[in-house]
Structures are given as structure tokens and as C-alpha cells.
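Turn these sequences into a full structure, and let the hints steer you where they fit.
For reference, the chains in residue letters:
Protein chains: 2
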Amino acid sequence: MNQDYIKADPWSIIEEGFDARRVKSSESLFSIGNGAMGQRANFEEQYSGPTFQGSYIAGVYYPDKTRVGWWKNGYPEYFAKVINAPNWIGIDVNINGEALDLNNCKMVSDFKRELNMKEGWLSRSFTATLQNDIQVKVETKRFLSLDLDEVGAIAYNITPLNSDATIAFIPYLDSGITNEDSNWDDKFWDTTNVSHKNDQAFIEAKTMKTNFHTCTFMSSQLFLNKKPLSSSHKTQTDATRINFRYEHTVKENETYAIHKFGGYVVDRNHDKNKLVAIAQNIIEKSKNKGYEQLLEDQKKAWDAIWNMSDISIEGDVKAQQGIRFNIFQLNQTYLGRDAKLNIGPKGFTGEKYGGSTYWDTEAYCIPFYMATKDQKVARTLLEYRYHHLEKAIENAAKLGFSNGAALYPMVTMNGEECHNEWEITFEEIHRNGAIAYAIFNYQRFTGDYSYVPEKGLEVLIGIARFWQQRASFSTEKNQYVILGVTGPNEYENNVNNNWYTNYIAQWCINFAMESIAIVKRDFSKDYERIIKKTALTQTEISSWKSVADHMYLPYSEKHEVYLQQDGFLDKNLITVSELDKSQRPINQKWSWDRILRSPYIKQADTLQGFYFFEDHFDEGTLERHFDFYEPFTVHESSLSPCVHSIQAAKLNRMEQAYTFYLRTSRLDLDDYNHEVHEGLHITSMAGTWMSIVEGFGGMRVRNNTLSFTPRIPEQWSAYSFKINFRNQIIKVTVNQKETAFELEGSEKLDILVNNKMLTLEPNKSLSFS
Amino acid sequence: MNQDYIKADPWSIIEEGFDARRVKSSESLFSIGNGAMGQRANFEEQYSGPTFQGSYIAGVYYPDKTRVGWWKNGYPEYFAKVINAPNWIGIDVNINGEALDLNNCKMVSDFKRELNMKEGWLSRSFTATLQNDIQVKVETKRFLSLDLDEVGAIAYNITPLNSDATIAFIPYLDSGITNEDSNWDDKFWDTTNVSHKNDQAFIEAKTMKTNFHTCTFMSSQLFLNKKPLSSSHKTQTDATRINFRYEHTVKENETYAIHKFGGYVVDRNHDKNKLVAIAQNIIEKSKNKGYEQLLEDQKKAWDAIWNMSDISIEGDVKAQQGIRFNIFQLNQTYLGRDAKLNIGPKGFTGEKYGGSTYWDTEAYCIPFYMATKDQKVARTLLEYRYHHLEKAIENAAKLGFSNGAALYPMVTMNGEECHNEWEITFEEIHRNGAIAYAIFNYQRFTGDYSYVPEKGLEVLIGIARFWQQRASFSTEKNQYVILGVTGPNEYENNVNNNWYTNYIAQWCINFAMESIAIVKRDFSKDYERIIKKTALTQTEISSWKSVADHMYLPYSEKHEVYLQQDGFLDKNLITVSELDKSQRPINQKWSWDRILRSPYIKQADTLQGFYFFEDHFDEGTLERHFDFYEPFTVHESSLSPCVHSIQAAKLNRMEQAYTFYLRTSRLDLDDYNHEVHEGLHITSMAGTWMSIVEGFGGMRVRNNTLSFTPRIPEQWSAYSFKINFRNQIIKVTVNQKETAFELEGSEKLDILVNNKMLTLEPNKSLSFS
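Chains as they are written, first to last, in full-length UniProt numbering: chain A, 1 to 769; chain B, 1 to 769.
Since the hints were derived computationally from the structure, they do not count as laboratory data.
Predicted model only: the values in this text are computed from it and were never measured.
Keep in mind that the hints are not guaranteed to be accurate.
Because identical chains share one entry, a pair is satisfied inside a single copy or across any pair of copies.
[Claimed, not checked] With a straight-line Cα cutoff of 35 Å, these simulated DSBU-like cross-link-like pairs (lysine-lysine) come out:
{"hint": "1", "residue 1": "K72", "residue 2": "K455"}
{"hint": "2", "residue 1": "K545", "residue 2": "K589"}
{"hint": "3", "residue 1": "K756", "residue 2": "K289"}
{"hint": "4", "residue 1": "K187", "residue 2": "K106"}
If you want it as C-alpha cells, here you go:
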């Protein structure tokens with residue numbers, strides 16, 4: 001744990017007291033988003049201290065030139081970069097001629113931020129004494145509307161406490177913004193028009209190269225002591241900025257307030273020639289509702305989300321706060337409304353890495369969305385990859401593959417590769433496996449067998465083709481091998497026969513072959529269409545089968561474990577607990593070569609395979625592998641603790657499972673990885689959800705049956721979650737004595753609990769001890 | 001072969017006919033240098049076509065910021081970059097108001113360049129018709145003086161052929177220059193003063209950050225029909241440039257000429273506050289001698305070099321031209337006069353890569369300098385690494401090594417690492433082995449046993465410490481292993497147990513232990529000093545011995561060969577001859593992962609070990625390894641053909657040896673690697689020399705005895721070379737019938753020829769058939 005300033009609270013993230021050193025961290029932690037846009041918790045008013053300004057529009061990116069020291073064939077020339085969008089939240093405040101700036105006050109007291117997760121808003125309050133000795137009380141609240149997802153609203157209240165004061169609110173729009181994370185200092189935005197009409201302002205700007213046309217807009221209402229104040233404003237514009245100045249002489253203890261409405265309209269969703277008119281329409285709609293009503297709608301919208309996706313934990317406020325923070329951020333990032341979006345690793349909280357889509361989506365995020373949303377949402381996530389299939393085939397072709405073999409990019413925004421380290425871009429090919437696995441997992445969980453014939457099979461064929469071509473035959477081993485890969489454990493590069501990769505490659509081919517057989521049998525029209533489109537032959541399928549049937553899987557007879565890769569046992573096998581603490585985290589202390597030749601594992605690798613393919617191994621085998629690999633695991637990836645928590649729970653090691661749970665759920669709140677200022681780890685938050693539902697709750701779907709093996713950490717008195725299983729909602733409540741099930745649905749449902757069949761009746765509760 | 005425009009000639013490099021597309025290639029090929037400075041063959045007069053301007057001062061560099069896509073711990077923050085220095089060769093020519101510019105003439109005919117290697121000068125002649133229809137004949141010659149190595153001289157003659165003309169020579173100095181190869185577009189030079197006095201001009205400039213102070217200078221003499229012309233000039237200066245304008249009305253068929261003297265003085269050699277005065281002194285000295293006398297001195301100086309280092313080949317002009325070009329460029333690059341200099345991979349012909357010193361120096365260059373120069377020169381090259389020992393220890397410490405373990409940088413200018421790819425910088429550690437091997441090789445060849453006690457032993461101890469720490473014990477193999485390395489074959493990265501690396505590590509430890517024992521026995525004062533300085537204990541030496549005694553060396557019983565690395569036999573072992581030609585060169589056609597998992601070898605790796613440690617293996621073993629590895633070798637490193645040529649000759653495969661010889665000797669002239677425009681491959685040129693002397697000549701030194709096993713390709717009628725063996729000169733002439741030996745010395749010398757002892761008498765010739 002690196003920080004501990006967030007107050008424990010079941011429903012809110014709270015910071016008390018102003019500390020300039022925490023500003024960047026809090027800007028990340030208090031970020032807000034609504035799936036269509038999002039922003040770091042930057043102050044509305046001027047702030048001259050260290051800050052990381054960020055406001056992001058979903059799906060709007062810039063193709064930045066790739067930066068490398070030494071070019072390698074196959075690197076992408078350009079890659080999609082998340083970019084900072086024009087600022088619409090800005091409200092400069094001027095008090096008797098002095099700008100309010102928390103970095104430049106004589107005193108700041110009673111500073112408090114709250115991110116209210118239950119209702120979906122961010123507030124801030126403080127008392128400040130300016131250099132001119134005027135003392136003011138400030139209270140602000142803002143939110144990004146879930147209902148009208150192109151608009152956000154801010155209420156900014158200011159009360160002079162020790163004298164009358166002339167106060168000016170200067171709400172503004174600004175497209176003269178820069179990126180924190182820029183490769184070449186290129187200018188990303190081209191501002192094409194700055195305009196205003198009455199109390200509305202607009203900046204039209206398009207991204208360079210990608211030509212996303214956007215209109216950033218604002219309009220405001222003024223209040224004195226909560227009563228509307230008809231107020232004229234002075235307008236000031238330059239090439240990339242527009243200010244409205246609303247000035248009023250405010251008596252001591254009177255409250256002057258502004259409600260600012262702003263946001264973006266983008267030609268991803270609208271005619272690019274009508275953006276200003278559409279923005280005007282949205283402003284009108286928002287102002288007609290008014291700030292208070294919009295806020296009421298916001299509470300209702302979040303209430304609906306929480307009603308389905310909340311996990312309650314009793315007896316452990318920090319654990320409770322952690323899981324809700326994770327669920328809240330996931331919903332802020334992605335709601336499944338737009339098929340072209342995905343779940344970026346930093347969501348709307350930072351810019352690092354570029355691209356929005358990693359294998360995290362398939363491996364970690366889909367289970368969460370599948371169980372807490374309508375199953376269409378998970379299907380939309382699968383379709384996202386279907387839409388990128390052509391680009392995955394092109395990507396594989398760049399690396400020398402042919403005949404429709406598909407290699408999905410490591411990182412992408414639009415289907416093209418965004419990453420440029422050869423050992424990752426070219427070699428971390430197991431990502432292809434997760435994409436096939438998600439199709440399998442979706443089908444297993446939802447029982448929706450229509451996706452494979454309609455779309456999924458083409459993806460599976462492209463992936464199977466890739467694996468068949470990527471494997472090579474070793475005459476030495478008389479088996480197929482996969483040379484030169486990086487497994488999920490990125491602390492190994494360019495290894496031969498990573499067990500996880502070989503195993504999932506074999507599984508992908510088998511699953512593709514099974515799926516082909518089923519589609520042929522049950523969906524003959526789809527089968528004909530797909531065979532024609534892919535030119536797939538029986539001979540080719542035989543060549544796949546040969547690879548799958550003779551895949552080499554490294555194994556140690558002595559240890560009775562599969563080996564993470566060839567040569568793993570040659571390492572100096574000193575466990576993490578024997579390693580001096582001063583050496584941790586090794587990714588900040590050691591040079592890369594030292595990390596690579598060490599036995600230390602960044603995140604589940606062999607154990608990731610045991611997580612995906614749990615049913616292929618008995619519990620003793622899992623235990624042997626867990627006991628072999630976990631002691632070498634440093635968990636320096638955000639994706640590591642959750643899988644280990646699930647497996648520890650399965651092995652009934654509850655104390656260990658609980659420790660891993662805390663680490664995954666409070667990774668950002670407590671800043672375990674010393675990097676929260678760069679943004680949050682969004683995708684691993686879905687792993688936190690899994691570690692409760694699949695770990696403690698032991699939720700599985702096997703043979704079309706929902707099953708549970710409930711366990712509870714001794715630190716908790718009870719926890720509960722809901723699962724949307726094939727359009728029936730099951731609520732599970734576990735306490736130290738028993739588990740209660742409640743079915744919100746219309747039909748009976750048979751479930752397995754601790755391997756015993758239980759029949760749930762609609763709208764009845766059933767306990768099981 | 002990629003180009004074929006260089007005329008075959010035994011002593012000159014000749015280009016005929018002007019082709020703008022060849023300008024950059026010729027600028028590299030016709031480069032001149034004198035060990036202290038050098039320059040690409042840029043035109044003196046203005047040229048508006050594509051050109052790569054380059055003039056370099058030995059030892060003057062700039063610490064450029066490292067550029068990477070994704071930072072890894074241990075990367076250097078800055079690295080030494082070769083930089084383009086102020087231009088002193090420029091002479092703009094103006095004819096009746098029009099600038100002479102070969103890219104902008106109505107016609108250019110009779111264009112010819114010649115690089116006369118025998119005499120050490122570059123000439124150019126052409127007839128040009130300007131846009132104003134004046135036709136002129138131009139003849140230029142320039143050289144960088146070997147005797148006065150801070151000065152160069154240019155004779156520029158111009159003759160109007162079809163009318164009288166007013167001709168202006170505008171010699172200039174210019175420090176407003178840029179680098180072709182710049183990471184961050186930083187400005188490298190800060191011009192501090194531009195001054196002139198009478199007919200002398202000076203630009204004082206210092207490099208940013210490194211603060212090398214330089215004075216670039218010029219002065220000129222004018223002639224009409226070879227008679228001195230007292231001529232006044234107009235002066236024009238700006239912040240980074242000074243022009244003198246000498247104008248004269250020249251009658252048709254009269255020749256107007258300028259002799260320009262220019263160059264650099266640098267505070268590496270002089271008091272930085274006296275640079276202008278020193279430059280004035282050099283100008284006076286040069287002008288007193290005059291251009292013609294300087295040229296005569298140049299011829300004599302080159303004659304002395306050739307007298308010792310020439311290799312003549314009869315019956316094969318292209319082979320003859322190739323070897324002389326190689327020897328000439330090596331001598332232009334490095335003459336052994338300055339202990340802080342080394343042999344840059346591009347010499348003074350380009351900027352690529354940064355740094356000047358690679359393992360090439362020890363592995364390829366030292367043998368050439370050792371046998372063709374005073375043995376002090378080789379010793380100076382060894383001392384260069386001794387002076388960098390502290391930095392090598394610091395470098396190792398950055399990677400987690402301790403107790404004086406030394407890792408020499410992959411690329412360096414001042415002892416600090418200049419390279420930033422983890423798989424090279426951190427893993428291509430075999431370079432340490434070559435540095436120890438060079439000490440061994442020097443001692444073996446020269447019989448100078450004083451270097452090790454005086455300096456070499458400390459280097460050997462640092463290197464042995466590194467290997468002991470870098471190896472780790474495999475309980476699985478019950479032997480020491482070296483994990484995660486890149487061998488000489490850079491088409492493999494992060495492999496385990498590269499045989500060459502493990503073998504040379506073992507050898508280094510053994511050689512260090514032997515050397516310690518000898519120093520202890522024979523140089524006890526040095527021994528005490530070194531033991532005190534290094535705090536070396538017997539316990540530590542025992543730990544080294546344990547590693548060397550139990551070093552794992554991968555071996556295939558089936559193939560009876562050492563394996564390049566663990567897992568080599570798992571590859572798809574298709575030979576290069578079976579590979580479709582369209583796939584070559586693989587480094588331009590394939591993505592990096594594909595190269596890595598292929599069996600293809602960039603340059604000798606296991607065979608490099610057989611080259612260094614030839615005596616450890618019998619000929620049958622060499623043959624088996626050569627036959628196993630060469631068929632997988634693509635020779636895409638400039639350093640590859642020479643070693644294979646030597647081994648093919650040893651195996652009496654003369655046709656193959658000859659093919660490899662042509663490839664190495666004409667690599668740049670024929671541009672095999674499609675990159676000669678970036679500069680020449682200087683260090684591999686020493687390999688060319690080895691392929692004749694050690695390959696065809698079979699020269700070795702074993703047990704203090706010089707031996708030969710002469711062979712001759714059937715394409716040649718004869719060849720000859722000289723060896724400076726312990727201050728006696730042996731000339732060897734081989735023809736199809738016999739080998740003649742001639743001893744230039746004062747004492748008899750026993751040599752072995754085809755394993756038979758032969759006694760050479762001073763100044764007598766002896767034949768052997």
C-alpha cells in the first residue's frame with residue numbers, strides 16, 4: 001500500500017484536507033464518466049499547481065507516429081492514441097479582481113471531495129482566504145449525465161464570508177489543450193470555428209488525420225441565494241477559446257452560483273455539418289430540465305445500475321468501498337451502448353498506452369458485463385472483434401501469415417496494432433486465444449448458440465489458421481512446438497513452448513473444429529456461407545487437427561507440473577518470500593535482463609490456463625500448480641491478484657484469497673503500484689468482481705447449469721451479489737452460517753450449490769447452510 | 001551485389017559519368033580521413049541535389065537523449081553520438097553571376113572522380129555548361145594531411161572553355177550545420193566567435209553539453225595559369241558563417257585556381273583559449289609548405305603505410321581493388337596515435353549508430369593493426385578498454401552486479417553505453433569475452449608479457465567476476481547455465497546457454513586464473529598492487545573455478561555438434577539454399593519474431609568460437625560444425641563472410657573461401673547490403689584482411705612461432721602480404737606453384753610452413769613449394 005488518505009465509506013470516495021501533492025492522484029481517483037465521455041477530476045477554476053488535465057471523448061483518437069529506438073520490420077507506422085479533448089468544465093472565478101487559485105491562497109480549510117458512487121456525482125467544498133483577504137466558501141458538484149450522455153452539469157456556489165465582494169464567474173471552452181502523453185509533440189486538434197449565440201458558446205474542432213469533427217459547447221444559468229439571476233455577460237474569444245464573464249457584487253454570506261451545462265457532440269454520432277445545431281438542441285433540453293432535475297435523473301439511472309450490479313459486503317467498510325469503486329468505474333467506462341467502443345485500460349482517467357482494447361476485455365471484463373447487464377452487451381463486445389477480423393487478417397499478413405490467418409492486435413482502437421515492442425506486438429500471441437475463449441465462455445454462460453454461426457465462427461477459423469501456421473514441427477521432439485513467444489507473464493520474453501500458449505492454441509483449434517461440426521449440423525445455411533467466404537477445406541482442417549493432436553506441452557515428471565516454458569527449471573528457483581524486500585517491485589528495481597532470467601512471474605501464466613480451463617484438471621492438479629507457481633509470483637500486474645484470489649478460494653485458502661481480494665479491489669485507492677496519478681486500472685476492476693462472484697461465491701456455469709460453492713472470508717459478516725443468468729436474476733447472499741438465494745424471474749430455476757441441486761422458485765428466497 | 005559502377009582498378013576507386021542518384025553512395029565510397037578527422041566526399045561547390053553532408057572530428061561527440069518506445073530500467077539516459085562538424089571544405093563558385101551547381105547545369109560531361117589510394121587524395125573533374133551557356137572545365141583535388149593531421153588542402157581549378165568569364169571563388173566556413181541522424185533535433189553546436197584576419201578565417205564553436213571547443217579555419221592562395229595571383233577579397237560574415245570572395249575575370253582557356261587550406265584544432269589536443277593562435281600557426285606552416293609540397297608529403301606518408309600493409313593480388317583486379325580499399329579505409333580511420341580514439345563502425349563516413357567502439361575492435365580489428373603497425377598500436381587499443389574499466393564496473397552495477405564485476409558497453413565513445421535495445425544492451429554480453437580474448441591474442445602474437453601485469457589483469461579480473469555472477473546454477477542440469485543472452489548471431493535474442501557465450505565465459509575465467517598465477521609468480525609487485533586494488537581473495541577465485549569447471553555446454557549427440565543454444569534443434573531446420581530468394585535478405589523481408597524462430601544465422605556464432613579457439617578442436621570437429629551451421633547462415637552482418645572465408649580456406653574449400661572473400665572485400669564497393677549511402681562498414685574491413693592473411697595465407701602464431709599454411713584461389717596468379725612479427729617484417733608471396741618468404745630484419749627467424757620448420761635468413765628470400 002502506497003497511500004491511505006481516502007476515507008473509508010461504503011458508498012463514497014472521500015478526501016479531506018487540501019494537499020497539493022495529492023492533486024494528481026485524486027484527479028484520477030475522482031474521475032467521472034458516462035460511457036460516452038469522461039474526465040479527470042480537474043478543478044473548474046484556475047489551478048497553478050501540478051495537475052494532469054484530461055477530458056476524453058469515447059472513440060475519438062489520433063494516429064500518432066510510432067516511437068522506437070531501433071525500428072523492426074512489422075512495427076505499426078502509426079497507432080491510435082487516446083487524446084485530451086477540448087475543456088468544457090472550466091469556470092474561472094475572480095473575486096475583487098483576484099483569481100481564485102487553490103495553489104495561491106493564503107489559506108484553504110475544510111477542503112473535501114466526494115465521489116458519490118451511489119448517485120453518480122462528484123462534489124468539492126472548501127473555504128479559502130485569498131491574497132486580498134476575502135474569505136469565500138465554495139461548494140461545487142458535477143456529473144456527466146447517463147441519460148443525456150453528451151452533456152454534463154456543474155453547480156458552482158460561492159459565498160463571501162467576511163465582506164461583500166465583486167465576484168465574476170468566467171465559464172469557458174478551450175481547445176488549446178495538450179496531451180500529457182505525446183510522442184512527437186504533434187498538435188492533435190484543429191479548431192475550425194469558435195462561435196456564440198446568446199448565452200451559448202461553441203468550439204468546433206476536428207482531430208488531425210482522423211478527422212473526428214466535434215463541437216464542444218456550454219451554456220450557463222446564474223443564481224443568487226438559489227434564485228435565478230438574469231445576468232448579462234461579456235464575451236471574449238480567441239482562436240481556441242471563448243470566455244463568458246458573469247459579474248455580480250455579492251453581499252457577505254450571500255451565495256452566488258452558476259449552473260454550467262457542457263459537453264461534446266461528435267460526428268461519430270451525428271452529421272458533421274449540423275453539430276452546432278445539435279449542440280443547441282442538447283443545451284435547450286438540459287436547461288429545460290434544469291440542473292436539479294438532471295441530477296434527479298442521474299440518481300435514478302445509477303440506482304438502476306446498482307440494483308443489478310451492486311455487491312454489498314457487511315463488516316468490512318474498506319472491502320465494501322473497494323468493490324463498489326471497481327463496479328462504479330467499470331460502469332463509468334463502458335455501458336455497452338456503442339458497438340465501436342471498448343473498455344480502455346485507463347478508461348476516461350488517463351492517456352497512457354494508447355488504444356482502448358486489450359485481451360483484458362475478453363479475459364477479464366466480459367464475465368462482469370455478461371452477468372450484470374443484458375446479455376446483448378457481452379455479444380456486442382464479441383462483435384467488436386468480429387468487425388476487426390479483416391484487420392486482424394491484415395495484421396497477420398504483415399507478419400508473414402497467409403490464407404486468412406488472423407492475429408488480433410495486442411492493443412487497438414480501430415483494429416490496427418497500437419503497440420511497438422517486438423516481444424509483445426509480435427510474440428504475445430496468446431491474446432488470440434482469449435478472443436476465442438470469450439466466444440466459448442459467452443456461449444456457455446448465455447446459452448446463446450446463434451453467435452457462432454452468425455459471426456463467431458469466422459473469427460474462430462481465422463484464429464485456428466493462425467495457430468496452425470504459427471506452430472512448427474520439431475523433428476527433435478516429434479511434436480508441434482510454438483517457438484519465440486511471450487506468455488501472459490510478461491516477465492519472460494521470446495520463450496519456447498509457453499505452456500499456456502501451446503495449450504490455448506491446441507484448445508482454439510479443437511474448439512474451432514467442434515464449432516464447425518455443430519454449425520454444419522445445425523446451421524447449414526450459415527455453414528455454406530462461411531465455407532464459401534473462408535474457402536475452408538477438409539484438408540486444411542486435417543492440418544489443424546494434426547497440430548492440435550501433436551502439440552507439445554512441457555511437463556516436469558519430477559515436480560508433476562506443466563512447465564511455464566522450456567527451460568523454466570534451469571532458473572535459480574528462489575521464491576518471492578526469500579527475496580529481499582528492497583528488491584521489490586522488481587520492475588522498478590531490476591534491469592530487464594535480470595527480470596527475464598529470474599523465475600519471477602508478473603501475473604498468472606500457467607495458472608491463467610488453469611483458470612480458463614478449470615474443468616480440464618482435478619483439484620489436486622490445480623493445488624500442485626498453485627503451490628509451484630504462486631510462490632514465484634510477484635503480482636506486479638493489476639491483473640494478477642484476482643485470478644489467484646479465485647483459485648485460493650477454490651482451494652479453501654480463505655485468508656490468502658482475502659489478501660488477494662483486498663489487493664485487487666483497492667489497487668488504485670491505496671495505490672499499490674505507485675502510479676495512480678497516471679490514471680486508474682479499469683480492466684482489472686472486472687477481475688475484482690470475479691474474485692467475489694467466482695472466487696468467494698464460486699459461481700460457475702457448467703452443462704447449462706448455474707452453480708455456486710459459496711465461501712466467506714472471516715472478516716465479513718455477509719456479502720451479496722446478483723447474477724443475470726439467461727434473463728433471470730439470482731440474488732445470492734452469503735453470511736457466516738448460510739447462503740440465501742432469491743430468484744427475480746418468472747420461471748423456476750435449478751441451480752447447483754456445493755454440487756447439490758436446488759430448485760429456486762420465482763420471487764422466493766431459499767437458504768442453504 | 002547491388003551496384004557495379006565503380007571501375008575496376010588496382011589502386012584507385014573511380015567513378016565516371018555524373019548520376020545524381022549515385023551521389024550519396026559516392027560520398028561514402030570516396031570519403032577521406034587521416035585518423036584525426038575525416039569527411040564524406042561532398043562537393044566543394046554548392047550542390048542542390050540529394051546529398052549527405054558529413055565532416056567529422058575524431059573523438060568529438062554529443063550526448064544525445066536516448067529514444068525508446070517503452071523505457072526499461074538500465075537503459076542509458078544519454079549516449080554519445082557522432083556529430084557532423086563545421087564545414088571547412090566549401091568553395092562556392094560563381095561564374096558571370098551564376099552559381100556553379102552540378103544539379104542545375106545545362107550539361108555535365110566528362111565527370112570523373114578518383115580516390116587515389118596509393119597517394120591518399122581525392123580528385124574530381126568535369127566539364128559543365130551553365131544556364132548562362134558558359135562552359136567550364138573543373139579539376140579539383142583534395143586530401144587530409146597525414147603529417148599535419150589538423151589540416152587538409154584543396155586545389156580547385158576552373159577554366160572557361162567558350163568565352164571569357166568573371167569567376168568568383170567563395171571559400172567559406174560554416175558552423176550552421178545539422179546531423180542526418182538526430183534523435184531529437186537538438187542543436188549540437190554553439191558558435192562562439194566568427195573572426196578573420198587578413199586572408200585567414202576562423203569559426204570557434206563548442207559542442208553543447210560535452211563542451212568540446214573547436215576552431216575551424218581556412219586560408220587560401222589564388223593562381224592564374226598556375227602563377228600566384230595576388231588577390232584581394234570581400235568578406236561576409238554572419239553568426240555561423242564566413243565567406244571570402246575572390247573574383248577575377250578569366251580569359252577563355254585560362255585556368256583560375258584556388259588552393260584552400262582548412263581544418264580543425266580542438267581542445268582535446270590544445271589549450272582551449274589559444275585555438276585561434278594555434279590555427280594561425282598551422283595555416284602558416286601549411287602555406288609555407290604550399291599545396292604541392294603537402295601533396296608530396298602525403299604521397300610519402302601513404303607510401304610508408306602501404307610499404308607495410310599492402311596486399312597485392314595478381315590476376316584479379318576487382319579482388320585487388322577490394323582489399324586495398326579495405327586497408328586504405330582502415331588506415332584513414334585509425335592510425336593508433338591517440339589513445340582515446342577507436343575504430344568507429346562507420347569511421348569518418350557517416351553518423352549511424354553513435355559511439356565509436358564495438359566488440360568489432362577486439363574481435364576483428366586488432367589482428368590487422370597488430371600485424372601491420374608497430375605493436376604499440378595494438379597495445380594502445382587494449383589500453384583504451386583499461387581506461388574504461390571503471391565505467392564498465394559502473395555499467396555492470398546498473399544491471400545489478402557487484403564487487404568490481406565489469407560489463408563493457410555494447411557500443412561506446414567514452415566508456416558509457418550508447419545502445420538501448422534490452423536484448424543487445426543487457427544481453428549481448430559475449431562482448432566481454434572478446435575484450436579478454438584480445439588481451440590473450442595480443443600476448444600470443446607480440447610476445448609482450450608486460451601488458452597483463454601492468455594493466456590487463458585488472459580487466460581480466462573484472463570480466464571474470466562478471467561471468468561468475470552472471471552464470472547461475474541449474475539444479476536441473478547440476479551445472480552452471482547462462483540464461484537470457486544474445487550471442488554473436490543477433491537473429492536470436494534472449495536465448496539460454498548460447499554455446500559461444502558459455503564457452504567464452506568459461507575460457508575468460510580460466511584465462512584470468514592462469515594470468516593471476518603467472519603475475520603472482522613473475523610480477524610479484526604488480527600482483528600485490530592488483531590484489532590490494534581489487535580485494536581479490538582465494539575464496540572468490542575458487543567460486544570462479546567452480547563456475548568454469550561446471551559450465552554447461554549444449555551438445556547434440558545425434559549431430560555431434562555443440563548447439564548454438566538450448567532448443568536449437570526444435571527449429572524448422574530448412575537451409576538457406578532451400579529458402580526462396582524472394583525472402584532474402586530476411587532482415588528486410590521478415591518481421592522480427594519470424595527471424596527469431598527461424599534457424600537462420602546472421603553471422604558466425606558457434607563458428608566464431610571455433611575461429612577464436614581453433615586450437616581447442618580438431619579439423620574434423622570444425623568441419624562438422626561448419627557443415628552444420630554454415631548452411632543456415634545468411635551472412636547479413638558485414639562481419640560474417642570473413643570468418644567463414646577463413647574457415648572454408650582451412651577446410652581447403654577454396655571456391656567457397658573465394659566467394660566469401662569477394663563478398664567481404666567488396667561489401668561497400670558493390671553495396672551488397674543496400675546501405676552504402678549511410679557510410680562504409682569500416683570494422684569488417686579488418687576481417688577482409690584476415691581472410692587473406694589468416695584464411696588463404698593460413699598465418700597463425702602458436703607456441704611463439706609464426707606459421708603459415710598457404711593456399712591460393714584459382715582465380716589469382718599470385719598474392720603477397722607482409723607481417724610485422726615482433727619487430728621483424730616477413731613478406732609472404734604465394735603463387736600457384738610456391739610460396740616465397742622474405743625477411744626484412746636483423747635476426748634469423750624460424751617459421752612453420754605447412755607444419756614444417758623453415759629458417760628465414762635476414763634479407764633473403766626462401767621459396768617453398
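These are the hints, each one checked on the structure:
| no. | hint | verdict |
| --- | --- | --- |
| 1 | K72 <-> K455 | within (34 Å within a copy, 40 Å between copies) |
| 2 | K545 <-> K589 | between (45 Å within a copy, 30 Å between copies) |
| 3 | K756 <-> K289 | neither (53 Å within a copy, 107 Å between copies) |
| 4 | K187 <-> K106 | neither (37 Å within a copy, 43 Å between copies) |
This entry does not satisfy hints 3 and 4, going by the numbered hints stated previously.
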